[in-house]
Amino acid sequence: MRLRTFEGGIYLLGRKEATQNKPIEDIPLPPEVVIPLHQHVGPPCDPLVQKGDRVLVGQKIGDTDTFISAPIHASVSGEVKAVEPHPHFTGTEVLSVVVVPDGEQEEVRLEVPDQDKLTPDRVRSIVREAGIVGLSGTVFPTHVKLSPPKESPIESVIINGCECEPYLTGDYRSMLESTESLIVGLKIILMTVGAKKGYFGIGVDKAEAIKRIEDLTAREQNIEVVPLDTKYPQGSERHLIKAILGREVPRDGVPMDLGVLVQNVATTIAITQAVREGKPLVERVLTVTGPGIKNPKNLRVKIGTLVKYLIEQCGGFEGEPGKIIFGGVMRGEAQFSLDVPVVKGSQGIVVLPKEMAEVSSPRPCVRCGRCVKVCPMSLIPIFIVTYVMEDKIDEANAAGVLECVECGACGLICPTEIPFIQYIRFAKNILLKERKT
Amino acid sequence: MAQEELELVVSVPPHIREREEVSQIMFWVVLGLLPATLGGIYFFHFYAIKVIVLSILAAIATEALFQKTRRLPTTINDGSAIVTGLLLALCLPPKVPWWIPVVGGFIAIFLGKQIFGGLGYNIFNPALVARAVLLLSWAEHMTKDWYTALKVDAIARASPLFLAKQVKLGLFQVDLTRFYKICLFGNPSGCIGEVSVLLLLIGGGILLWREIIDWRIPAGFIGSVAVLCPLLGMDPIFHVLAGGLILGAFFMATDYVTSPITPNGRLLFGIGCGAITILLRSYSILLEGVTYAILFMNACTPLIDKYIQPRRFGVSKGK
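Those protein sequences? They're chains A and U, same order as listed.
Its first residue numbered 1218, the first sequence is counted upward by one per residue in the numbering used here.
Its first residue numbered 773, the second sequence is counted upward by one per residue in the numbering used here.
Next up, chain A with everything else stripped away, as it sits in the complex:
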């Protein structure tokens, strides 16, 4: 049988061998944590603590009244050393709370009702109070996603278990090690939005995870495990929906327009932990990996831990490091400093050694058409880039630059090393600014 997938895309080397069979490890408390007060889409939080305060694990240290936002919690117990701007993985500075752990790890939890008295509204408020956001980089506040408007009811919920980024294995390990929480999480989401059907979309390279979830959901009529082709970017929301339901999200639309809600593995597990145990989001699973790391690992990490500490915990660098990437190698952000903290959306730290950290030296396009072939949105990436180079932003818009999902497949296979994403982001920035004004 042909596996369900989407058109376009590219078969990448998974490069997951280093960590896929390593269980998730806990690490000793870091000497300090730096918790940014802006870790979600939407306006930043205001600090609720000041220098000198003692905070507990799970204590809210930042919040705001805006609907599209999520509170921030302390991930360690200890003393607030400072509330000040601090470098952030996006390259900017963000107001952050610096906490020096006292080692007690004394915690506060949210109040949760009996599981049989759970109502959709109650789930939404717990999820918000727990500060849960999409844990895959998009960091959209989860309680907002769980509050669909009446006119577009959710029919299907898809759990995104693709993890199609090379090197990263955190979701895979979580699917194996927290299978039950994952399934409970899906059920909580189904109940909250009133959806009929739940799907697990998992790449066939994660056969063990597919099997484990299938075994545990065999009796559930409304839950289906869908094995998917391991093509990149299968984990893109739109392409996941296309593969599983055969339907395309309209280009100006969102999954909700089709009555679909997509949630990633880590988020789903976090929902279970919040709703069942009252645990706010203070840690996450991530992969510290890459050929530039001595001992790659899957780690459970306190939010706010600095990258340099994680690298130390993994035996340090292997050879001379050339590039430190927050996220995956296809979509992640290269860092210029090791002093940036892990945030809710951090799925991995990938270190590439010097010889793999090349800077592209673009040459004229030879029109090989490979970018057209791999574009999952069926755009013509080279035309868009050419328009941007010629400063024709309106033409780039007409050619669909805003539809680009920035998967990076075009840049990966381009024989002349054209930095597609650079031009595309440039044009998107201009267009989005124009749209706002």
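Calculated from the structure, these hints are not laboratory results.
There may be inaccurate statements among the hints.
[Said to hold, decoys possible] Okay, derived cross-link-like pairs now, SDA-like style, lysine to any residue, Cα gap no bigger than 20 Å in a straight line:
#, chain 1, residue 1, chain 2, residue 2
1, A, 1645, U, 779
2, A, 1277, A, 1309
3, A, 1525, U, 779
4, A, 1590, U, 991
5, A, 1590, U, 892
Only a predicted model underlies this, so the values are computations on that prediction, with no experimental measurement involved.
Assemble the complex: chain A is given as a structure, and chain U must be docked to it using the hints.
Relative to the frame of chain A, chain U by itself:
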């Protein structure tokens, strides 16, 4: 950790490559042309070697000289000049005087490529530009300098398309099945690279397997010839096998720079090439239709790129 000493590269994603360099692509194209090249050398001996070497050297020298005089970075190591020179040689008769491949190589790179701005910017296939100029300027050499080292009869000694014209005019009769065999396995008369359709198909197969070329162009090309011939009362098998059509369909029309960039555009491009080839072969006084058909379709490429685009994701077909 001595962070001050770290020299970290900061650039946009993606941060890994799984790409083929232009030079690797060109390597595969040369490899794809190798069976036919060796076949040409087998049939035409030293004459073929001379033409091939001169043509490639002229192409490389022109590229190097042009870029040197204009103080541009040299691109001869990307392999594209070698491909152009080889392609040109393969569509020349073996016994042409030594200066024909030299002038051809110069024209291909200078007029066909560099004056447009070099690789990626040229509108027409450089090797075919050169061939068209040579055909018009020295028709005598380009259509008569056949050679055969084998002892063969009158049929095999004449260029197939030349014969076809004569057959069509009722000048004399030939046994067509013998013709097919000759074209398929080794027709010891014709251009250097056109001697065996089989060898060309082996090379074309390599390029398809490596996904260097898009199947849509040769399929459209050969398919439209096969469909149009019977409609015009011509023999489709003969026209597919004869006159460099296979060489053109797999190696000339598939040139990235001068063919459309989208899948459907490429299919249309191939169909156009086939249709024009057949129209030229049946209605014009020219013997050779493939060269002009591809050049004509090269000119249409920007138009095809503009109007034949894929349906974008999330856009309904009606819109």
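Checked hints:
{"no.": "1", "hint": "1645/A with 779/U", "verdict": "30 Å, violated"}
{"no.": "2", "hint": "1277/A with 1309/A", "verdict": "24 Å, violated"}
{"no.": "3", "hint": "1525/A with 779/U", "verdict": "15 Å, holds"}
{"no.": "4", "hint": "1590/A with 991/U", "verdict": "18 Å, holds"}
{"no.": "5", "hint": "1590/A with 892/U", "verdict": "18 Å, holds"}
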